[in-house]
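Put chain E on the given structure of chain A with help from the hints.
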Amino acid sequence: MDLIQSIEREQIKREIPDFGPGDTVKAWLKVIEGGKERLQAYEGVCIKRGNAGLKECFTLRKISGGVGVERTLLVHSPRLERVEVIRRGEVRRARLFYLRGRVGKKARVKEKRYIPTATKA
Amino acid sequence: MKAILGKKIGMTQIYDEQGRIVPVTVIEAGPCVVVQKRTRATDGYEAIQVGYGNVRPKLVNKPRAGHFKKFGVPNRRHLREFRLQDASQYEVGHEIKVDIFEAGQKVDIVGTSKGKGFQGGMKRHNFGGGPSSHGSMSHRVPASSGSTDAARVFPGTLKPGHMGHARVTTQGLTVVRIDAERNLILVKGSVPGPNQGLVTVRTSVKKR
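As given, the protein sequences belong to chains A and E, one line each in that order. As numbered in our numbering, residues 1 to 121 make up the first sequence, in order. As numbered in our numbering, residues 122 to 329 make up the second sequence, in order.
Isolated chain A, as found in the complex (with noise of 0.2 Å):
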């Protein structure tokens, strides 16, 4: 019995849709503010995914306002309230570090034309 363990999967969320690096993913955030909570979104390309178990997370890139802005996000954080995957990338790396010296056109990520579903033989 590993007590830290079972304390870690405690806190482990359940519905994560699955995503990974190169898709565009649209993170819904609890913010409070005065006093007040709502939920404030947060839409960019998904560059790498880390960690594993209960410190697992990811980071979303996006241009905002002509300034590159990168937000590391924890998976199982109670502040994320839900994911979604807007556009499946296509990529050939698990970190797309590579996007950050591009910009305009050549910061694209090509899109997936084949999601392959039920791959289990």
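Treat the hints with care, since some could be wrong.
In silico BS3-like pairs for lysine-lysine, Cα to Cα no more than 30 Å straight-line [to be verified]:
(1) K55/A <-> K235/E
(2) K55/A <-> K128/E
(3) K30/A <-> K309/E
(4) K309/E <-> K36/A
Bear in mind the hints are in silico, worked out from the structure with no lab data behind them.
Just chain E now, kept in the frame of chain A:
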């Protein structure tokens, strides 16, 4: 003062009500049993002697087994004394469980630090060391240990030597969560000693 013996399990993170991540140390504490009472009349001070941890009969030597038998308490691995102002609320055989503490409370934690072996002055006493280049050959040496006038080294002068494996108290840690079912205390921050090490959790001396 309230105190309990426990075992450091390890560190992890948990989310608080605001969704913030809190670093915590998990301590499996108790149930402890009161083995003996020290009283002002017989011993000159008030304290309770507390046992913790299951143990195979083979590992308990005869004098200690006799001590447990005398007070009619099952064998325990560890024995410690907690000095109290007033021990009248405790009786021999009483169990002490984690529910003596509650979330939000401040505690002190006593443990035995990890042994570091023989260490130099820089690691052991935070000495500055010498220059690393420009012809310097005194990189990590402890420099001068006193004046030539005294012709001796004064007692207490900081020197290289054995580091760690000493009693260390971390004061004023916050209890984040109590799990009475699994006998767990979750404390914010780090705690002295290795995982599986014996620790004492007691109410904080300085902070309330």
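request  = May I ask which of the numbered hints given earlier this structure violates, with the numbers listed in increasing order?
outcome  = none
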